[in-house]
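Asker: Listed below, chain by chain, are the residues.
4 protein chains.
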Amino acid sequence: MIVNMSRNATQEQIDHVVERIKECGYQAHVIRGAERTVIGAVGSNGRRSELEALQAAPGVEELVPISQPFKLVSRQLRQERTIVNVGGVPIGGEHWIVMAGPCSVESREQLLATARAVREAGGSILRGGAYKPRTSPYDFQGLGVEALELLREAREETGLPIVTEVMSTEDVDLVSDYADMLQVGARNMQNFPLLRRLARAEKPILLKRSPSATVKEWLLAAEYLLSGGNANVVLCERGIKTFESELRNTFDLAAIALAKELSHLPVVADPSHGTGRRIVIPAMSRAAIAAGADGIMVEVHPCPERALSDGPQSLDLKAFAQLMEELDRPERTRARATAKV
Amino acid sequence: MIVNMSRNATQEQIDHVVERIKECGYQAHVIRGAERTVIGAVGSNGRRSELEALQAAPGVEELVPISQPFKLVSRQLRQERTIVNVGGVPIGGEHWIVMAGPCSVESREQLLATARAVREAGGSILRGGAYKPRTSPYDFQGLGVEALELLREAREETGLPIVTEVMSTEDVDLVSDYADMLQVGARNMQNFPLLRRLARAEKPILLKRSPSATVKEWLLAAEYLLSGGNANVVLCERGIKTFESELRNTFDLAAIALAKELSHLPVVADPSHGTGRRIVIPAMSRAAIAAGADGIMVEVHPCPERALSDGPQSLDLKAFAQLMEELDRPERTRARATAKV
Amino acid sequence: MIVNMSRNATQEQIDHVVERIKECGYQAHVIRGAERTVIGAVGSNGRRSELEALQAAPGVEELVPISQPFKLVSRQLRQERTIVNVGGVPIGGEHWIVMAGPCSVESREQLLATARAVREAGGSILRGGAYKPRTSPYDFQGLGVEALELLREAREETGLPIVTEVMSTEDVDLVSDYADMLQVGARNMQNFPLLRRLARAEKPILLKRSPSATVKEWLLAAEYLLSGGNANVVLCERGIKTFESELRNTFDLAAIALAKELSHLPVVADPSHGTGRRIVIPAMSRAAIAAGADGIMVEVHPCPERALSDGPQSLDLKAFAQLMEELDRPERTRARATAKV
Amino acid sequence: MIVNMSRNATQEQIDHVVERIKECGYQAHVIRGAERTVIGAVGSNGRRSELEALQAAPGVEELVPISQPFKLVSRQLRQERTIVNVGGVPIGGEHWIVMAGPCSVESREQLLATARAVREAGGSILRGGAYKPRTSPYDFQGLGVEALELLREAREETGLPIVTEVMSTEDVDLVSDYADMLQVGARNMQNFPLLRRLARAEKPILLKRSPSATVKEWLLAAEYLLSGGNANVVLCERGIKTFESELRNTFDLAAIALAKELSHLPVVADPSHGTGRRIVIPAMSRAAIAAGADGIMVEVHPCPERALSDGPQSLDLKAFAQLMEELDRPERTRARATAKV
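Read top to bottom, the protein sequences are chains C, Y, Z and A.
FYI, our numbering numbers position 36 of the first sequence as 28, with every residue one higher than the one before it.
FYI, our numbering numbers position 168 of the second sequence as 160, with every residue one higher than the one before it.
FYI, our numbering numbers position 233 of the third sequence as 225, with every residue one higher than the one before it.
FYI, our numbering numbers position 148 of the fourth sequence as 140, with every residue one higher than the one before it.
Treat the hints as calculated values from the structure; they're not laboratory data.
Take these hints with a grain of salt, some might be off.
Heads up, the list lumps identical chains together, so a pair's fine if it works in one copy or across two of them.
To be verified - In silico lysine to any residue, SDA-like type, Cα no more than 25 Å apart, as pairs:
| # | residue 1 | residue 2 |
| --- | --- | --- |
| 1 | K63 | E253 |
| 2 | K208 | Q71 |
| 3 | K63 | D131 |
| 4 | K310 | V76 |
| 5 | K14 | D131 |
| 6 | K14 | P125 |
| 7 | K14 | N(-4) |
| 8 | K310 | A329 |
| 9 | K208 | R40 |
| 10 | K208 | V56 |
Please construct the entire structure, taking both the sequences and the accompanying hints into account.
Answerer: Here's what the structure looks like:
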């Protein structure tokens, strides 16, 4: 930590800061510049959060953190990449995978038709919501246990492992009985009681990035899971909130590349929520794979115009099959110009 | 709802949309323009979420909502303003009030000293965190029940009602035993299981705005509480996330004025989280009152530089007393120029 | 500047950075921590932009600036507040002032009626656009010289000094002939050729904040003016672009307080552009004054529904007069609750 | 345009709006709903900006635009994609191209070394700044005419056409004498006098997206160029400003896909400014091509740590050559998993 003293800080204030740094378990290095004094707090065994309160000490202008606040998720700690096994499907390894399915489980017919189509087209994992976080209390809130039963049936028929969202600590045991992977929704990324509970779950976790989280905050949310005992975490980028309102979110593909630089955890991308508009989903799926994502998660529905949630961003079964074919043939995309006109 | 058909929509597609609108329980009005056709879906008893899926129908370019999605919180439904009674203190009435106290309850001495100073300076409600949502798992997470006991003691001594955050459905009963008002933290604004549980609580709710929520999403979160049975809701603006990184958040004072236009619920402002820097808190407190807030919530600590959380945005006891004096004398602020130089 | 070396930086890389720091005219202080090495570059006469390129040197993780990049606008350089004289009206002194008028000058009748009403209600400066920056090429682009002539006439009749926007270096001389203050529009805040030209103008400058500028970038734009020779600069906050789309912009009142902390320049606020909706303008005008603004700038039009630009955010003459009355009586706003129910 | 009347609008207010719609040259269609009245303004020959002022009429809650405000840039007007010829290099056709070079032209050696390396690795167009927009007046502002001379020399030696920024209307003729393509920098995207002047230039334009522009605003800026007479416009996405501060900007790849849906103009991507960090540039270059960009623009410098601007985001010559090789072999990226573990 660097403590940047204000220009008119007194010697007494500087001494006080130095003393507090030592009390917090760090060594203090004072650099006197022409205009101001800067104090470095150095050491690996100090109490960081106590040190951070120094920002409120007299004469202090600003604290500048030097080391990253996350540890277990960091590539500095662990060089080799984590591979997470979801019901037999590895995420994060040599190949990328596809998770697909309806936003909400709505009926037996809807789910099974989708599951078969996902399997047929080459998808590896079936997604489907049983408990739905909805902005309005008047919107469809999911079928709950009935949906979990249908997901189990779909897995039995197709062999596809299941990922579904768990919204509440109270549902963790129940959902774990059915699902191969537990999803933390974007709005729950900083639901810390839920994270602490999931750290003790037996199943791998799909941790969606909050639409207002920086990459660092996202990694710190994962740190809750790893530090609590669950190392099987897959990160999922799904768009952030910005001033651009033409699409539902701004799909932050650079965050995928950055997260893979900073962390050893696998990262997948959700272009359905990331954009909210079917018309750009194929391009964004290709882009996510090219950016290094370990997989994509796509919403698929037999009849999007009758979907109870997220219809506008759902692909129908045919469009999904076509997308899968395209993704497998990147060399068919157009090539660089090699000569002048 | 207005359905905006794309320019090259066929007659068949238009007919299909008209039919679906009727199936959803609305009347359809077709307007044929020079360039495109627009279809109005009219009625008060239709199934809105089914209708919204039409965005995915062939030939549809865009759906444009006309009426607001919230009902019970709306001033259209209820003209008179709601007054929420918190342990004898009315919020939303003729006068504004001040909630103050430490970010976290850290010790008996810290809390009681603060509570006395808050009372002395004219504060009406004591705040203090027992369960703390922290971005990093390595930061101080709150004293839990021990803090609740101390808050009770502080109330007994000072007479100030208590507001404190509840983070989990499982804690609602426990925290309700101690607190006069239950706070939903900004990161839990869309924790729907928690909102549904709090809708059945006996205590009034302080609903903080998520740093990534629009005013509409904030009001829809309140709608969960009202539609579930708890009408005692106070909204709290505490800053949104934007590109401006000089302050912790961008304090959105216009949202206070707008929320009071759209809703009958009281709205308070938290300039401590809204800015994160002590130096601008007095100005932003004055501004919040001038903008029409029904109260402010301010973090106060006997020794901010030793606070276990939010030190940089906490006022010390003396600064708080001074702020209270200033707020009571708006006429002492400088006046408009009345003549030329 | 602090150079934060990566954890696995070699001694050779550290030595190279130390050498480069010296070449750039600074002293280098090396702090070796348990986990990494940090190097402070100290001195007041070094070449900062050369130093910044070090971020690209091998082994460097990050550069952390310690001192602010602006100088002449800073309160560290000049403690006393600047007062800018606009045609006899001081901005930044003991009192706050009001600039008002139509978004665009549309006709003689429109302008004179507005100017009289502004004068009558207590406004100090008349605003009115002659050259209008418009998002679409098909929108009204302003009356140009004809509007300047009308503004001159309005000043002659009412005595109110004139502020109007100049969009191009080529128009600076012409507009200076008519106006008492030259406005740099929000979209031109970083039009550096224009800033350099205005630095040599004889008239004071109203520098609007870009909707995507941080406070630091705004102050650096002002630094172009001061360093080029024009010290008569008034800053104007007018809202920033965020995810919140209910209002036209997010009005950043904390930026006013912050800019007045960092700089000695006067700061005014434009709640018309800052919110874009008439209904919240009175509340935001009061809030801006309470936040310490040296004045407000408000759009006024005799018939907003026929305005050629910005109708929805314009007050009519009566609403403006009422706003002025309210602003002069802050003590009439409601008071703090002093006792329990 | 749809006019959404407020719930308690009177019949008189509705009649007034209908009358104004007709005055503006449109037909009015009134839809009376259970809760409110909505009025459609239909027609292709009305005066849109007059109509928009209706938002300020009594009883009007909101105006909802139905048709897009841009025309000439729209794919609705022109189905076939535009190909822009830059000194013999087509942009927007069957193949994608690479523009590369230093941020600023700094010296003959620097530029020629870079130009040769760009040519060698397969780049098609040389970029290099002569006039530099810089946030601080104390930063390097470009070599001006000297840089233009060096760019001409580099073109003569390598055959690469030149793209360089023009910042001011006064420089358009001069820069046109040297460059094959004129760049409008991100901060000038809404410098309307400059756009109007460039609409009359003989050279094609590279129009960078402002970091705070929506896709619609970007297309409207292009509309200034097309409507003024210059149809040779290439759009360039270069990142937008968001709350995420880990990277310089948020690179908005979905905007590329969206712009290509809405417009017939070619779109290229600038991952150097889009991210600001060298480490993610290769991944983002691949992603941009996969997203459908017609080319990428990359900053290259022989010695980034000594660059006078943008060193941290510049590739050195070797890294650039490696990137080019990777981009030409998308099939070498990893494949989809085809079987379970």
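Asker: Against this structure, judge whether each hint is valid.
Answerer: Status of each hint after checking the structure:
no. : hint        : in the structure
1   : K63 - E253  : within (14 Å within a copy, 37 Å between copies)
2   : K208 - Q71  : within (18 Å within a copy, 38 Å between copies)
3   : K63 - D131  : between (40 Å within a copy, 13 Å between copies)
4   : K310 - V76  : neither (30 Å within a copy, 35 Å between copies)
5   : K14 - D131  : between (55 Å within a copy, 19 Å between copies)
6   : K14 - P125  : neither (47 Å within a copy, 28 Å between copies)
7   : K14 - N(-4) : both (16 Å within a copy, 21 Å between copies)
8   : K310 - A329 : between (32 Å within a copy, 21 Å between copies)
9   : K208 - R40  : within (17 Å within a copy, 29 Å between copies)
10  : K208 - V56  : both (15 Å within a copy, 17 Å between copies)
Of the numbered hints listed earlier, those contradicted by the structure are 4 and 6.
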